[in-house]
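So the protein lines, in turn, are chains A and B. Using the UniProt record's numbering, you'd call the opening residue of the first sequence number 1 and step up by one each time. Using the UniProt record's numbering, you'd call the opening residue of the second sequence number 1 and step up by one each time.
Treat the hints with care, as some may be off.
Because identical chains cannot be distinguished in the list, a pair is counted as satisfied if it fits within a single copy or across any two copies.
Here are the computed lysine to any residue pairs in the SDA-like style, where the Cα-Cα straight-line distance is at most 25 Å [what the hints assert, rightly or not]: (1) K123 x P93; (2) K115 x T125; (3) K29 x L42; (4) K123 x A136; (5) K113 x I142; (6) K49 x I106; (7) K53 x K123; (8) K49 x R17; (9) K123 x G83; (10) K113 x A33; (11) K53 x G13; (12) K123 x E72; (13) K115 x E27; (14) K49 x M140; (15) K49 x G77; (16) K113 x R22; (17) K123 x A21.
Quick caveat, the hints were computed from the structure, so don't treat them as lab data.
There are 2 protein chains.
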Amino acid sequence: MAMIEWFDDLAIGMQFRTGEARITAPEIKRFAAEFDPQSMHLDEVSAAKTFFKGLAASGWHTAAIAMRLLVESRPFGDHPIIGIGGGVSWMAPVRPGDVLYLEGEIESLTPSKTKPQGTVGMKWTMYNQHGQAVYAFTPMTIVPRRPGA
Amino acid sequence: MAMIEWFDDLAIGMQFRTGEARITAPEIKRFAAEFDPQSMHLDEVSAAKTFFKGLAASGWHTAAIAMRLLVESRPFGDHPIIGIGGGVSWMAPVRPGDVLYLEGEIESLTPSKTKPQGTVGMKWTMYNQHGQAVYAFTPMTIVPRRPGA
């Protein structure tokens, strides 16, 4: 991916894969205590009595880990990853010990008519170590055009 | 909102408002260091040179604060807030010192045909202390039906 740097280097159907992140029970509880204080995210014993039947990460914790994997994988070279929005889906619980990674595909490319940039539509799917899809994000992001393009 | 507890208590057009949360520069940097390590979120001097022209919270930090405000406001009584997904939009930067709150409206109500629950579609918009919309989330959430309904 080292040669991809500008909007003009991208093509519909191009695929990406990030590195991996392992999530632990203390991380799940710490994030939840600050941002999503509900039983299924806070404590194994209480979580066992919920819909999730065991400790599960907050969906926003999962989304935040996905962002870290994205930033580390630099899909657009050194340019910042600036998202204007998108759709999130949570398909399966993320459990302590899970090892997560993302696969991405470019679905749309729209050059701006007025600015030296374009909007990139992607679908990122996060999988666990069993190959089960746990989360998806379909962001629209802004990527600069190659100078002179 | 104390009388709202079950799917059957909800009506399209019903409105909600959460409490407020103030965000600080150390919080912005701490979240970013863990989940979104990009210059605009990490350091005032570097951030001044970016598109954001100053320190701004990671969009996922903003989303996580919105979740905490939601959980604290208990829009569905004591039932857990279980989201299956939705759309996120970031409209304006969230800055150190901003005081944020959410306003919500029920947009759709779909009873399950097979389970004692329904899917609630809402639009939550987060505003800062200037009344400027900074973030929106349109989640689909699962809420149980009143026993016997």
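Going down the list of hints, with the structure as the test:
no., hint, result
1, K123 x P93, "both (20 Å within a copy, 24 Å between copies)"
2, K115 x T125, "neither (30 Å within a copy, 28 Å between copies)"
3, K29 x L42, "both (5 Å within a copy, 24 Å between copies)"
4, K123 x A136, "both (7 Å within a copy, 20 Å between copies)"
5, K113 x I142, "within (13 Å within a copy, 41 Å between copies)"
6, K49 x I106, "neither (40 Å within a copy, 28 Å between copies)"
7, K53 x K123, "neither (29 Å within a copy, 29 Å between copies)"
8, K49 x R17, "neither (36 Å within a copy, 29 Å between copies)"
9, K123 x G83, "both (13 Å within a copy, 19 Å between copies)"
10, K113 x A33, "neither (45 Å within a copy, 35 Å between copies)"
11, K53 x G13, "neither (38 Å within a copy, 33 Å between copies)"
12, K123 x E72, "within (17 Å within a copy, 32 Å between copies)"
13, K115 x E27, "neither (41 Å within a copy, 33 Å between copies)"
14, K49 x M140, "between (38 Å within a copy, 23 Å between copies)"
15, K49 x G77, "between (45 Å within a copy, 18 Å between copies)"
16, K113 x R22, "neither (42 Å within a copy, 38 Å between copies)"
17, K123 x A21, "within (19 Å within a copy, 31 Å between copies)"
Hint violations for this structure: numbers 2, 6, 7, 8, 10, 11, 13, 16, all remaining hints satisfied.
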